[in-house]
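Visitor: Sequence:
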Amino acid sequence: MEHLARTWWLPLIRGIAAIIFGVLAVIWPGITLLVLVTFFGAYAIVNGVFAIFTALRHEVRSRIWAIVVGVLSILAGFVAFAWPGITSLALLYVIAIWAIFSGLAEIVDGIQLRKIIDREWTLILGGVLSVVFGVLLLIWPAAGMLSLVWLIGLFAILYGITLITLAFRLKKLGPQTV
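Just so we're aligned, residue 0 is where the sequence shown starts under numbering that gives the first Met the number 0, counting upward by one.
These are calculated hints, taken from the structure and not from any lab test. The beta carbon of each residue, even a glycine, is placed where N, CA and C say it ideally should be. Wrong hints could be hidden among the right ones.
Unchecked claim - Simulated DEER-style distance windows between Cβ atoms:
| hint | residue 1 | residue 2 | range |
| --- | --- | --- | --- |
| 1 | 145 | 4 | 36 to 46 Å |
| 2 | 88 | 56 | 33 to 43 Å |
| 3 | 115 | 70 | 23 to 33 Å |
| 4 | 140 | 1 | 43 to 53 Å |
| 5 | 115 | 146 | 32 to 42 Å |
Work out the full structure: start from the sequences and follow the hints.
Guide: Okay, here's the thing in structure tokens:
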């Protein structure tokens with residue numbers, strides 16, 4: 000538990016990155032596909048690196064799953080950079096699949112954290128939001144790119160809030176200095 004408390008800043012950084020990404024997507028709804036691909040690629044790589052780092056630093060049974068999801072996130076980011084001219088439909092499928100896999104991993108991690116912390120619902124809720132987001136993208140692929148930008152922005156902001164909430168809950172597990 001002390002180890003989780005010492006690394007509370009990892010989900011905090013992931014949450015801040017998600018909120019920044021989401022706000023940028025909402026502020027510039029007319030964003031071009033190239034810029035969206037760049038934003039997504041950068042976020043996916045940062046998210047993947049921190050997911051792997053978190054998996055390696057924590058003693059959880061789902062370590063391999065978290066590493067796989069982190070690697071997939073990094074690969075999704077590199078694919079976005081390697082083929083910036085991909086169609087919006089292809090990008091939509093990459094984002095949807097990434098969101099579903101990373102969401103499932105966070106649900107599993109949240110369930111396992113139940114044994115260590117109270118109110119682990121923030122991580123589980125973030126995972127559920129991610130899975131729902133991915134499934135909605137798969138169900139309605141014909142949605143316009145503008146709608147996708149708004150949906151991605153809203154998802155990233157809500158997801159970032161859940162990660163930041165988790166970070167501060169983890170921080171409270173550490174020794175309190177007076």
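Visitor: Hint says 33 to 43 Å; check whether the CB-CB distance for residue 88 and residue 56 agrees.
Guide: 37 Å, holds
Visitor: Could you see if the CB distance from residue 145 to residue 4 stays within 36 to 46 Å?
Guide: 42 Å Cβ-Cβ, so the 36 to 46 Å window holds.
Visitor: Range first: 23 to 33 Å. Now tell me if the beta carbons of residue 115 and residue 70 are that far apart.
Guide: Holds - the Cβ-Cβ distance for residue 115 and residue 70, about 25 Å, lies within 23 to 33 Å.
Visitor: So does residue 140 sit 43 to 53 Å from residue 1, Cβ to Cβ?
Guide: For residue 140 and residue 1 the Cβ distance comes to about 46 Å; the hint holds.
Visitor: If you check the beta carbons of residue 115 and residue 146, does the distance land in 32 to 42 Å?
Guide: 39 Å, holds
Against the hints set out earlier in the document, no violation occurs for any number.
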